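As a plain string of letters, each chain reads:
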Amino acid sequence: MPIQIIAPAPFVDAGDGDDDDEGGVRLDVDNDGDVAMEGDAPSRKTSRHAGRIVTPGELVTDDPQWMRGHGTYLSTTADGSQSIVSSLAGTISKTNKLLSICALRFRYVPEIGDLVVGRILEVQTKRWRVDIAAPHSATLLLSSINLPGGILRKRTSTDELQIRTFFSEGDLLVAEVQTLNSDGQASLHTRSLKYGKLRNGVFLTVDAGMIRRMKSHVLTMPTSNGGGEVDIYLGVNGYIWIAKHTASLSDGAGDKGVSITRLEEEASEAIYSNVNEEISPETRAEISRIGCVIRALVKANIKIDEEMLNLGYEAALEEALQGYDWGSDTAAGKRIVDAALAKRRKT
Amino acid sequence: MEGLRNDGRRWNELRRIHCQLSTSGSSADGSAYVEQGFTKVLCTVTGPAEPGSRQRGRSDGATVVCEVYFAAFSGTDRIKRGRNDKKVQELQTAVQKTFASVILTHLLARSEIAISLHVLSQDGGTLAACINATTLALIDAGIPMADYVCACTAGQPAIGLGGGSGGGDDDEPDPYLDVNYLEESDIPSLTVATVGGGEKVAVVSMESRVRIERLEAMLAVGISGCARVREIMDKEVRRYGKEKLDGTGE
Amino acid sequence: MPKEPETSLAEKTFVLEALKQNLRVDGRELHAFRDVQLIFGDDYGFVDVRLGKTRVLARISAEVTKPRSDRPFEGLFTISTELGPMASPAFEVGRPSELDHTISRILERSIRRSHALDAESLCIVTAQRVWSIRADVHFLSHDGSLLDASCIAVITALAHFRLPVVTVSGEDITIHDVEERVPVPLSILHWPICVTFSFFGDDENGETMYLLDATAQEEALRAGDMTITVNKNGEICQIAKSGGVAVEAEILMRCARLAAEKVKVIDKMIGDALREDELRRNKGNLDWLKEGRAENDR
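Residue numbers (the UniProt record's numbering), protein chains in the order written: chain Y, 1 to 347; chain P, 1 to 250; chain U, 1 to 298.
Hint data in this document are derived by calculation from the structure and do not stem from the laboratory. Keep in mind that the hints are not guaranteed to be accurate.
What the hints assert, rightly or not - Mimicking BS3-like on lysine-lysine, the simulated pairs with C-alpha atoms at most 30 Å apart in a straight line are: (1) K215(Y) to K242(P); (2) K197(Y) to K126(Y); (3) K12(U) to K87(P); (4) K200(P) to K86(P).
These numbers were taken from a predicted model, which means no experiment stands behind them.
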């Protein structure tokens, strides 16, 4: 029996909203199909944001030439043919013949080599459990950190007893994803002088998808107003640490050619310290300004990378905003973002 | 008044649905707010995350847990519903079971998806609004699902509306779509939830006595309502997605 | 905590593949109930229901109490269920499982909210004295379909129960002893019977398979379930399908109609068993019985 359902009266008609892409809108294979079929053609690796949004249950394609990737599943229709259906709301991305859906918002999924900022959740006998905003907490083994007194030193039972002197609950650290197990649980390491305990700064979280993957996720930004240099650790997992720049020990090693052992001795003193250095009020002001820029960019759904951060910071300086909470204030934040975008278009 | 219900709708008219994604900012992985008439529900989803201390999580998939909170001011009388309230538990089980079978849990081994629902105002169709809000919050959290789960209610009035309402005979009045609180307490009604826009029914819940012959009509109306709800929710998801993508300037 | 052991993959495949060929492990038809055995105790209102290896006991008791202030004309009726380790080691005392909640909730919806028992008939003196009827359900053995069995048990026990006669004269209320005056049956308006369907994956034709009266093994393997409560007049008192596999609406309707058919059979079976028991008790004196049935036939 055919039943006609009257739609409810509209509430606020947000713009047009009347795009006619309801129902089984299919992927336009013809447009991209020829690109993909010329296998040797240097096709775009991934056509990010093919522009169209798919929602769960939407038919992506029933063409058997495509392979299904993340965010899709196979559905068998009554006549036995298989089609690729989306399981997420997001945009289609194509890598050669692989179709996957990139969700609008998602939890961080660790990958080997990612730089992450994490927080210690639990101290166990030979390891730490670290929150990295992923589906599973990561582990950091005692053997994967730099022990004071030299990389090559053997781990002893004394170290196990003193495990809390390195990291204890609530400590923040920057680390790299070393391995992943079958469940996708990450194991971290900090065996580089770039990584380790974080201090002298502020912590910030954003959605994992808002950090653009870059060559380097540790930025050092010169600031004005006498703020000196500021380090920004943009964890791929969406955790961000902004801190006063400390003369990196690894830099020192390259310049002065200090012997490894000497270096390690120095490292051992500083690396697990829980005491902040003295930070001038000017530096604090600049740290918080950068924090506001990041919040404003995220609010405007703009992915964070070095370029946008620099442009945003410049724009913020020009506006010379006072106070440290304008990042969440839409009006001021939006002005900064617009100014930054204008600058980017100019360059 | 001819042909109209007590709130001025026709038999096949939905109440105004207003929905919104990402209402709770970064405190949850996904969140949504749904208003169906005066029924208002807020949903937040956390996960996939490390399972709580109680269990270690299933090795073959994610566990779904659900908590429902009724605000004391949500009904006509101020009632504080505790955690062991039967109605609360019933809702929790219904939502939990529904989504455990729709979320593609096998992709998220040893993790937990926690759904938390806050019923802010009740005006009939609480279960339906809870299911709709959860669907949107899960989409916002980027949790893989087979399809939308959309819910709607349908009631069977004893006497027809008269007037020019289509289809129904005099002795078989048209079922009411999307009943409000008054209608819900007055006439037999059922809640139905479908997976996707089709006829795949995930949830049916009816608590009142009705002739078996009338069930079919009620189900049919409910299912058509679900399809309409899906369109409305889908539109909002697309609008939200567009807004989100526009910002990136790409 | 003892947990129900999981079914092995081989067992699972065996059962599911057999189902695809319309075979069940215990040799029943897909839509057949196991034999229902009703055993009545010496007292009225005591029934032992056996459904295959599932065994459920129901006991009705009555006492005189004050009515609720907002419902002065109505008697009280409560159903209490508790799954204990007696039925299966997987159930714990004092920690109600999800199944526990489901059973008590659906029994409540099926019997109490559908007004199977006429609550007003339990009134003795308005706003002062009413009967409080209590149904205690005990689960003795669990082999699936606990809900269906307990619903049959409660309904049968209610129909079997006899309430002592009460006479009111002025302020005095006299409850007559069973020996003194013949007790009367409860006023039951209709007999709602629960039928639980278990859904499995698609068969060859792409249709969802559904079973009736699943055993514990089948319950562990099913992809979804739905309980429909119907009475013999074809009125649906309650439907509960929360989650599980999504099923075509058409199949749901087919289930509902099948449930109505099955309920007619069960209803008749309960009626027969009650009559037989009455015959046995009264050694052939049928006048009594007619009185009882007339009420139930409404």
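Next item on the list: Take the C-alpha atoms of K197(Y) and K126(Y), compute the straight-line distance between them, and say whether it is at most 30 Å.
Entry: holds (18 Å)
Check: When you check the alpha-carbon spacing of K12(U) and K87(P), does it fall within 30 Å?
Finding: violated (35 Å)
Margin query: Checking one constraint from the list: CA of K200(P) to CA of K86(P), max 30 Å. Satisfied?
Written below: Holds, because 28 Å separates the two Cα atoms, which is no more than 30 Å.
Item checked: Holds or violated: K215(Y) to K242(P), with C-alpha atoms at most 30 Å apart -> Holds, at about 28 Å.
When the structure is compared with the earlier hints, a violation turns up for hint 3 alone.
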